[in-house]
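> So you can see what is in the structure, the chains are spelled out below.
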Amino acid sequence: MSYSFNFGVIWANLDTFLLGLALGLALAFASIAIGTVLGLVCAFASLAKGRLLRTVVAAYVTFVRNLPLLVIVLFAYFALPRLGLRLGKNESFIASLSLYAGAYLTEVFRAGLAGVPRGVIDAGLAIGLTRARVSLYVVLPIMLRNSLPALGTTFISLFKDTSLAATIAVQELTFVARKINVETFRVAEAWLAASFLYISTCLLLAAGLRRLERRFPKF
Amino acid sequence: MKRLILALMAVSSLTIISSEACLADKLADVIARGKLVVGTGTGNPPWHFRDESGQMAGFDVDVAKIVAKGIFGDDTKIEFVNQGSDARIPNIVTDKVDITCQFMTVTAERAQQVNFTIPYYREGVGLLLTEGGKYKTHEEMKTAGNAVTVSVLQNVYAEEMVHMALPQAKVDQYESVDLMYQALNSGRADAAATDVSALRWFIKQNPGKYVDAGYGWNPQTYSCGVKRGEQDWLNFVNTALHEAMTGVDFATYAASFEKWFGVRPPEPAVGFPGEMR
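Residue numbers (my numbering), protein chains in the order written: chain A, 1 to 219; chain B, 220 to 496.
It should be emphasised that the hints constitute simulated quantities derived from the structure, not laboratory data.
Where is the CB? At the ideal position from N, CA and C, for every residue including glycine.
You may find that some hints are simply not true.
[As the list claims (entries may be wrong)] Partner residues are not named here, just some residues of chain B that face chain A (Cβ under 10 Å, in silico):
(1) S370
(2) S395
(3) L398
(4) N404
(5) S405
(6) G490
(7) F491
(8) E494
(9) M495
(10) R496
[Unchecked claim] Far from chain A, by Cβ distances over 10 Å, these chain B residues were calculated:
(11) Q302
(12) Q373
(13) V375
(14) Q392
(15) A402
(16) G406
(17) R419
(18) G448
(19) N454
(20) F455
(21) A474
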């Protein structure tokens, strides 16, 4: 191995790297927020009595989970404008990742719901709460507590998926690393720096989620 | 004294004779061999690639054929050596090829290693637009300022390069050429900035779909390269190329130029030779 490292270019471009990381995080947070709402709605809908609603949710989850995210991203970015829907490149990526996140989170929340003991629901109903209130005050907290470990994994995975935005010229961390790579030929340094930033961010996210898990009351 | 001078003269004439014997004569070698060994690449239309029938084709290939025709009166007497871009200079220096014609940009730095022939093309960057799109010319795009988005292949100084022509345009860098074209097709970009040769080839491959904004910048000269110190050989190749661009073989050069770039090169003016101006 005759490669000689020179991290100078990384320091010189640190602000660009950090901006890329910030953009990636922003994309991830927006998509996770929308995806969580989508997932919650779909998870509850999948328990609905109506067959139609259940079928719609099942179709959505099956369809999206069996598509590579990159295909969704490229479709939303390149094909949708031709079909008359034009979103900006960031918005188009957020829409894609939200849709994708929604499908995975539906499954996470569904598993959480399955873990809510029948007894507590009956107890809630027995003390005179309406069905809606039982869902909100009894089922939701227990389900969230049940879902937290899997939720953490999914969030981190979704954050890493923002790297695909580089394909549609969104200047997030992977894009920046590739750019520095092309411009300076410091191949190893650029990818190592990106890896370091991804890993440390994911570790921070994981630590935050673990804290949240601990602070949640146990049932 | 007279003897000494005579002796010196004898020695020096011997040296001249022997050094002449040592002097390689590439032109004579090529003629004796009966074929021209040309270094070029594959897979880069319209420059050098294999066509549907597996034959070498492209503008670089046609330029090599002009040289072979000049030597043998037969443009098929060529052996192509397939080489990567990084082998262009080494293969000339080590005599693996007689000549390299492989979209080689002329730089003073490279000219220290090989001799460049006269140029046969001047590359630059141009703007590809969709037919019937929002903008028709470079001027219109420049006036539109930052309302314009340009797609470009991710590369060193890609953004600065676009800004030389369109100072305020938004620049989207893509990792591959097909994504760059897709951005243009889907309306994500108003123009794609790419090499003029690639742009013209693309327009020709997709008739009626695209137009050239009619502005080229960022010039680079393309020449063939030969080994240093082979002045006769260099002169010969230069003569062949020169006459292809201005003289008896203009029809061949022009037909090839039009075939690969979709436009005819300017006719050499008859009368006073323009290049002497």
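> Once the shortest beta carbon distance from S395(B) to chain A is found, is it less than 10 Å?
Holds: closest Cβ of chain A sits about 9 Å from S395(B), inside 10 Å.
> Would the non-interface assignment of G406(B) survive a Cβ cutoff of 10 Å against chain A?
violated (5 Å)
> Would you say R419(B) is clear of chain A, with no C-beta pair closer than or equal to 10 Å?
holds (24 Å)
> A closest beta-carbon separation below 10 Å is what the hint needs, so does S405(B) meet it against chain A?
holds (4 Å)
> Identify whether the interface hint at L398(B) stands, where standing means a beta carbon of chain A within less than 10 Å of its own.
holds (7 Å)
> Double-check S370(B) for me: the hint is only fine if its C-beta lies closer than 10 Å to a C-beta in chain A.
holds (7 Å)
> Quick check for students: does the CB of G448(B) sit more than 10 Å from each CB in chain A?
Non-interface label on G448(B) holds, nearest chain A Cβ at 32 Å vs cutoff 10 Å.
> Taking the closest Cβ pair, is R496(B) under 10 Å from chain A?
violated (41 Å)
> Determine whether the non-interface label on A474(B) survives the test: each CB of chain A must be over 10 Å from its CB.
holds (37 Å)
> Against chain A, run the beta carbon of G490(B) and see if the smallest gap drops under 10 Å.
violated (49 Å)
> Would you say Q392(B) is clear of chain A, with no C-beta pair closer than or equal to 10 Å?
Incorrect as stated: the minimum Cβ-Cβ distance to chain A is 6 Å, not above 10 Å.
> Is the interface hint for F491(B) satisfied, with its Cβ closer than 10 Å to some Cβ of chain A?
Where the cut-off is 10 Å and the nearest Cβ of chain A is about 47 Å from F491(B), the hint is violated.
Hints 6, 7, 8, 9, 10, 12, 13, 14, 15 and 16 from the list above are not met by this structure, while the remaining hints are.
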